[in-house]
Amino acid sequence: MIDPMRTVSSLALAVIILTTACTREKSSEEKLPVLGHHQYIDKTVDNQTVTDTVYHKVADFKFVDQDSTIVTHDTFKDKIYVTDFFFTSCPTICPVMKQEMLRVYDEFKDYDDVLLLSHTIDPKYDTVALLRDYSERLGVSSDKWHFVTGDKEAIYDMGLKSYMVTAMEDESSPGGFMHSGAFILVDKDRRVRGMYDGTKKEQVDVLINDIHRLLKEYEHDKASS
Amino acid sequence: MTKLLLRSCLFFSMACVAFGCSDVQHENKATKALNTEDKMRYEQYMVQGELLYKTHCVNCHQTDGTGFRRLIPPLANADYMKQDVKRTLCIIKYGMQGEILVNGTDYNQKMPGNEQLKDIEIAQIATFIYNSWGNQQGYISAKEVSSQLNTCR
Numbered sequence: 001m002i003d004p005m006r007t008v009s010s011l012a013l014a015v016i017i018l019t020t021a022c023t024r025e026k027s028s029e030e031k032l033p034v035l036g037h038h039q040y041i042d043k044t045v046d047n048q049t050v051t052d053t054v055y056h057k058v059a060d061f062k063f064v065d066q067d068s069t070i071v072t073h074d075t076f077k078d079k080i081y082v083t084d085f086f087f088t089s090c091p092t093i094c095p096v097m098k099q100e101m102l103r104v105y106d107e108f109k110d111y112d113d114v115l116l117l118s119h120t121i122d123p124k125y126d127t128v129a130l131l132r133d134y135s136e137r138l139g140v141s142s143d144k145w146h147f148v149t150g151d152k153e154a155i156y157d158m159g160l161k162s163y164m165v166t167a168m169e170d171e172s173s174p175g176g177f178m179h180s181g182a183f184i185l186v187d188k189d190r191r192v193r194g195m196y197d198g199t200k201k202e203q204v205d206v207l208i209n210d211i212h213r214l215l216k217e218y219e220h221d222k223a224s225s
Numbered sequence: 001m002t003k004l005l006l007r008s009c010l011f012f013s014m015a016c017v018a019f020g021c022s023d024v025q026h027e028n029k030a031t032k033a034l035n036t037e038d039k040m041r042y043e044q045y046m047v048q049g050e051l052l053y054k055t056h057c058v059n060c061h062q063t064d065g066t067g068f069r070r071l072i073p074p075l076a077n078a079d080y081m082k083q084d085v086k087r088t089l090c091i092i093k094y095g096m097q098g099e100i101l102v103n104g105t106d107y108n109q110k111m112p113g114n115e116q117l118k119d120i121e122i123a124q125i126a127t128f129i130y131n132s133w134g135n136q137q138g139y140i141s142a143k144e145v146s147s148q149l150n151t152c153r
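Chain order of the listed sequences is L and Y.
Take the first sequence: its letter number 90 is residue 90 in our numbering, and every next letter is one higher.
Take the second sequence: its letter number 70 is residue 70 in our numbering, and every next letter is one higher.
In case anyone wonders, no lab produced these hints; they're calculated from the structure.
All C-beta atoms, glycine included, are put in the ideal place defined by N, C-alpha and C.
Where hints are given, some of them may not hold.
Claimed, not checked - Simulated pairs of lysine to aspartate or glutamate, DMTMM-like, Cα-Cα distance not exceeding 25 Å:
(1) Y/Lys-54 with L/Asp-74
(2) Y/Lys-93 with L/Asp-42
(3) Y/Lys-93 with L/Asp-74
(4) Y/Lys-110 with L/Asp-151
(5) L/Lys-62 with L/Asp-74
(6) Y/Lys-110 with L/Glu-202
(7) Y/Lys-54 with L/Asp-151
Stated by the list, open to error - Across the chosen pairs, the derived CB separations fall in these ranges:
(8) L/Met-178 with Y/Met-40: 42 to 50 Å
(9) L/Thr-69 with Y/Gly-98: 49 to 57 Å
(10) Y/Arg-153 with L/Thr-69: 37 to 45 Å
(11) Y/Lys-32 with L/Gly-139: 53 to 61 Å
(12) Y/Gly-98 with L/Met-178: 22 to 30 Å
(13) L/Asp-106 with Y/Lys-110: 23 to 31 Å
(14) Y/Gln-136 with L/Asp-157: 51 to 59 Å
(15) Y/Asp-38 with L/Asp-67: 51 to 59 Å
(16) Y/Gln-83 with L/Asp-143: 34 to 42 Å
(17) Y/Gly-98 with L/Gly-139: 19 to 27 Å
(18) Y/Lys-110 with L/Asp-170: 13 to 21 Å
(19) Y/Lys-110 with L/Gly-139: 40 to 48 Å
Said to hold, decoys possible - Sample of chain Y residues with no beta-carbon within 10 Å of chain L, all distances over it, derived:
(20) Leu-10
(21) Glu-27
(22) Ala-30
(23) Asn-59
(24) Leu-71
(25) Ile-72
(26) Tyr-80
(27) Tyr-94
(28) Ile-100
(29) Asn-108
(30) Trp-133
(31) Gln-136
(32) Ala-142
(33) Thr-151
Starting from the given sequences, assemble the full structure and let the hints guide the process.
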């Protein structure tokens with residue numbers, strides 16, 4: 001015999017547990033994860049074994065931006081930045097990516113600690129002059145949003161190894177290049193803290209929120225140090 | 001004789017129902033004068049055209065046809081587009097590049113073509129963009145597209 005009261009209440013309990021478990025928002029106290037391969041190294045400190053975590057870090061790089069300024073990893077020293085890979089003649093996802101990146105730009109326009117970095121994966125066509133024209137038409141400041149070009153292999157390498165995204169030549173892809181629409185969030189210590197689909201508004205909303213969280217993390221650390 | 005009469009009555013009443021039920025919300029000053037058949041096609045084209053636009057065009061030209069900054073030109077009330085229908089049809093099919101002036105602003109981004117689209121689909125997209133967002137230029141038939149596209153290049 002099925003007792004309706006018990007069934008209803010257990011069902012209700014199950015629903016409550018499931019919905020709270022699945023929709024619990026990340027509390028602002030929770031830190032963003034550090035993405036990429038971690039290495040654990042044992043060290044001996046004061047005769048005790050201590051395990052150090054070595055996080056994945058973005059490698060050194062050297063490119064040139066739309067102002068013909070050399071842009072390196074030092075340009076982003078102690079800065080939080082969002083980066084992506086695109087090309088100006090891209091027929092598919094790039095316009096959406098730029099529109100979404102523009103939202104990030106607008107949100108953090110007055111935050112000196114947040115910068116943007118877009119790499120072209122078609123350096124042959126996307127010259128400094130073209131990137132200059134492109135970014136001007138977009139209506140953005142080059143100090144805030146660097147559009148860089150440089151050695152093709154070096155750019156692809158950064159994409160693959162440092163930012164863990166796909167970006168390469170591919171004849172069968174529209175436009176001739178295959179690349180992910182990912183936006184990668186990098187913290188002040190060159191660690192990757194998030195990856196977001198730059199073609200999806202909801203994910204860029206999360207990115208914007210995550211940047212605020214990251215900023216708070218640093219404020220918190222500064223306050224407690 | 002009766003059979004023919006019956007058939008034509010049936011057809012006539014179906015046409016009336018279809019026309020009566022068809023969505024005339026897209027009617028504008030340019031489409032008012034269309035005959036019944038063309039009016040129905042026009043309405044169908046607006047619906048289909050919007051779907052195609054959402055698939056192939058909206059990423060760049062936006063849902064409201066306003067384009068994107070100084071990178072992608074608007075379609076809404078765009079003088080460049082309104083000036084030359086045939087040119088627009090060719091652009092939809094084959095894309096374009098080079099500097100153009102639209103409503104006083106210059107644009108110089110390459111636009112990719114859509115060579116996979118059939119003539120009727122281009123007619124549907126063209127009908128949609130020429131009769132949306134304040135544009136009121138009338139119905140563009142698949143026949144017109146076929147004849148115009150022959151002389152694009």
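Given as non-interface: Y/Asn-59, which should sit over 10 Å from chain L by C-beta: violated (5 Å)
Least C-beta distance from Y/Ile-100 to chain L larger than 10 Å: Per Cβ check, Y/Ile-100 is outside 10 Å of chain L; nearest 13 Å; holds.
25 Å limit on alpha-carbon distance, applied to hinted pair Y/Lys-93 and L/Asp-74: violated (46 Å)
Cβ separation of Y/Arg-153 and L/Thr-69, checked against the hinted range 37 to 45 Å: Holds, at about 41 Å.
Assertion that Y/Glu-27 lies outside the chain L interface [Cβ separation over 10 Å]: For Y/Glu-27, whose nearest Cβ neighbour in chain L is about 32 Å away, the distance exceeds 10 Å, so it holds.
Y/Lys-110 paired with L/Asp-170, Cβ distance criterion 13 to 21 Å: holds (18 Å)
Given as non-interface: Y/Trp-133, partner chain L, CB spacing beyond 10 Å: holds (19 Å)
Non-interface claim for Y/Leu-10 versus chain L (Cβ beyond 10 Å): At about 48 Å from chain L, Y/Leu-10 clears the 10 Å cut-off, so the statement holds.
Outcome of range test on Cβ distance (L/Thr-69, Y/Gly-98; 49 to 57 Å): violated (29 Å)
Satisfaction of hint between L/Asp-74 and L/Lys-62, Cα-Cα up to 25 Å: holds (9 Å)
Y/Lys-110 and L/Asp-106 - C-beta distance against the hinted 23 to 31 Å: holds (26 Å)
Status of the given 34 to 42 Å range, CB of L/Asp-143 versus CB of Y/Gln-83: Holds, at about 39 Å.
Violation of the numbered hints given earlier is confined to hints 1, 2, 3, 6, 7, 9, 11, 19, 23, 24, 25, 29; the remaining hints are satisfied by the structure.
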